[in-house]
Amino acid sequence: MPREEVINAIKSEIESRNLPQEACDRILAFIKQAESSEFPNRDREEQLALILEALPSLEVEQEDSRI
Amino acid sequence: MKIELLGWKAEGLRAPDIEVNLEKNDGSVARVSLLQMPNGTGKTTTLNCLRAAMDGSAESWPEDRVKSYREINGSRDQGLFVATLRVHDTQKIIVEMTFHFNEGVVTYKTTVGSKTEDNYSPPPEVRRYLDPRFSKLLFFDGEMANNLIDGKGTTSASQIIDTFYGLYHLSELKENARLSYELHEKRAGAKGAAQLTKLIGRRNSLREKSQQLKHQAETQEARLVVLRHESARINVELEEHLLKSGQFREEEIRVQEERDQASSRLEGAFHQVDLIFPDPFAIWPPLAAEVHDLVESLDRLKLTAQSSRLFLEDLVHESVCVCDRTMDSAARTSILKRADQTLEDAVNAYLKSLKRQIQPYAKESPSVFGEAVDRIVAADDDLSKAGNALENIRVRAAATGDEEVGKKKDQLEKIQEEIDALESSVETARRFTKTGDDEHCGCIDYFEKRLKEAENELARLSGTRDLKHRTDTLIQVIDAAYKQAHALLKDDVVRRANERLLQILRYNPVQIRDIGESVQLEGRGGASVGQTLAVGYVFLAGLLYEGGNQFPLVVDSPVGSLDDEARKELGGLIPILVKQMVGFVIATERKWFVDPLADASDGDLLYLTHLRINEYTKEIIADLKGNKRSSSDNGILLEGRDAFMALGEGVEETT
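One line per chain: the protein sequences are U and G, in this order. First residue of the first sequence? That's 792 in the working numbering, and the numbers climb one at a time after it. First residue of the second sequence? That's 232 in the working numbering, and the numbers climb one at a time after it.
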């Protein structure tokens, strides 16, 4: 598991930017797997795609800023 | 995680064939194992093989490097190195490296329990700690502690924290995100837009320039720390020299006192300004008069009373109250009854309090803030005068032909010249961009802004704006999280190390101020060699043994060229800080080091002497009379303090 300080820092940054909790979970999953040293490139790409997918799109952000 | 090094075995390599078992009879390992290996017994070969056995790095060694491990004039086509580790007191991990000299490759076998695999494959939970970024920190030499303090080493203190706490995984995620985005961008660019290709080139060159400037600024900042440290040290030496020299003694003492007093006054004045800052009336007294007039006017107008009454009188005509209750006759009566008091009370109380607060400033008294600033200016003037007076003493001392003063003054001037040039360069690099900056300027902010523009333009042209937006968001989150986590962990490391330093350097304490490229110490003077070593070892040991972790420390020449005092200090320190140290030493390192080390280890020290067997050493080995721990046709390992201490003392070391 990543260090508590790392987990808390990511959680706090995600919350302060009002980003989805799912993005936080996926970032932490990525780091957890990276720590295990068994993280083939293909898996890395897949997990990265999942993180990016969980982050708000440009369109959503622009809508939010208009509101 | 607890990892112990139980021993190793070498065959057919440049080092003599030997098996080194570090286990004691009860199966535990000694707190300190000292392995004396005279020149020619393959110390470097053994250390490199141990490192490669732990981190699996020999798989990627180039052919000529592998071949260079072949025994000199040897006929064997294969060599073998086997390292044995133990995890959590129970699980043995045996890593076997076979050197195929004809092919120039090394192959691995890993045995965990009863299972053997034909590759390098320690269990995943252990592998993290055997990663080269981590395991390289388990192998250090006497210079590493010094390098940590002066920042001259290849690994910065800050990086070591990132390595121990796995913060580099955050950087990896960031880098993965960046590369992945660039791949998408490239694919979009492959559609043929020449403009896009040109823009990618510009973006890359801007990024390269920005990174180059950041690296340069960091290197210069690290150098500045070293130079300021050096300058402070020479200044202290110079002052001490002048005090000793007699001729300027009284004057020097007087000016130093004046300087210290001015410095203390300056600190006091700054502290006072800190206290004044939250009070706007103290900073600018005319504001008090303005506010006073405003409060008086409000009082005269009775504005607050009127506005609150009017609001409540209007409210009773509504069908529903502001609190969502229906406005019935009872509510109307109650509201009108209190209409004169409700808001007025609170506002009046606030105005009265404000009046009280500004009362002291209403008189035409001098500005408190202005007085504090005057005190800062005066103390700063005095400090400058004292500095000039000290400089004047040095000039006069140098003029009298005092070579030492002249030499130190020259050194200081050279250092100051370098400091001025570096400060100017760093200032340019770190400032915000300004009008007139162009691509020849050294300002990081300028290149970062141009880079951002180029990236946005690229995203627009390549149709990857959304992906760019998400990637940027991720990178921002990771950057901020890294800064937050790194700062917390670093503060904790500093706090723990300082607590430990107070315990072990009770009579001559030194404290860590901060950890950046180097471990920065409190105070302007330099630390002694012993203190520097203590800080380096405490810093590393604090990380290695944090939270119940335990790793072996393999130290090449633990005392190297240290003087007698520093050797004694280090000898007494190591067993307090580490749980398993394997030190590779030569005979000249024993003096002043081994006895304090043995005392501090409470006897938990294994003395080993490793010699190559040849015609010349056979007699020496017989004279040493140690217990044979293992042997082969060309090497022997002796156990025991007597043999260890006798080598080189009448018993020749050269093999």
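Hint data in this document are derived by calculation from the structure and do not stem from the laboratory. Treat each hint with caution, since some may be false.
[What the hints assert, rightly or not] In silico DMTMM-like cross-links for lysine to aspartate or glutamate, where the CA-CA straight-line distance does not exceed 20 Å:
(1) G:Lys475 x G:Glu635
(2) G:Lys405 x U:Glu836
(3) G:Lys367 x G:Asp349
(4) G:Lys445 x G:Asp393
(5) G:Lys340 x U:Glu829
(6) G:Lys367 x U:Asp834
(7) G:Lys274 x G:Glu348
(8) G:Lys714 x U:Glu806
(9) G:Lys699 x G:Glu688
(10) G:Lys233 x U:Glu806
(11) U:Lys802 x G:Asp703
(12) G:Lys714 x U:Glu837
(13) G:Lys699 x U:Glu829
(14) G:Lys440 x G:Asp668
(15) G:Lys810 x G:Glu452
(16) G:Lys417 x U:Glu837
(17) G:Lys849 x G:Asp362
(18) G:Lys405 x U:Asp816
(19) G:Lys445 x G:Glu635
(20) U:Lys802 x G:Glu403
(21) U:Lys802 x G:Asp710
(22) U:Lys823 x G:Asp710
(23) G:Lys714 x G:Glu250
(24) G:Lys405 x U:Asp834
(25) G:Lys417 x U:Asp816
(26) U:Lys823 x G:Asp393
(27) G:Lys323 x G:Glu348
(28) G:Lys714 x G:Glu452
(29) G:Lys440 x G:Asp257
(30) G:Lys822 x G:Asp873
(31) G:Lys721 x U:Glu836
(32) U:Lys823 x G:Glu403
(33) G:Lys405 x U:Glu837
(34) G:Lys340 x G:Asp362
[Claimed, not checked] Okay, the calculated beta carbon distance ranges per label pair:
(35) U:Glu829 x G:Ser402: 51 to 57 Å
(36) U:Glu813 x G:Lys445: 47 to 53 Å
(37) G:Glu870 x U:Glu795: 26 to 32 Å
(38) U:Glu837 x G:Pro740: 35 to 41 Å
(39) U:Arg833 x G:Glu870: 30 to 36 Å
(40) G:Ser402 x U:Arg833: 16 to 22 Å
A virtual CB, placed ideally from N, CA and C, is assigned to each residue, including glycine.
Legend entry - Hints breached by this structure: 3, 6, 7, 10, 12, 13, 15, 17, 19, 23, 25, 29, 31, 35, 36, 37, 38 and 39
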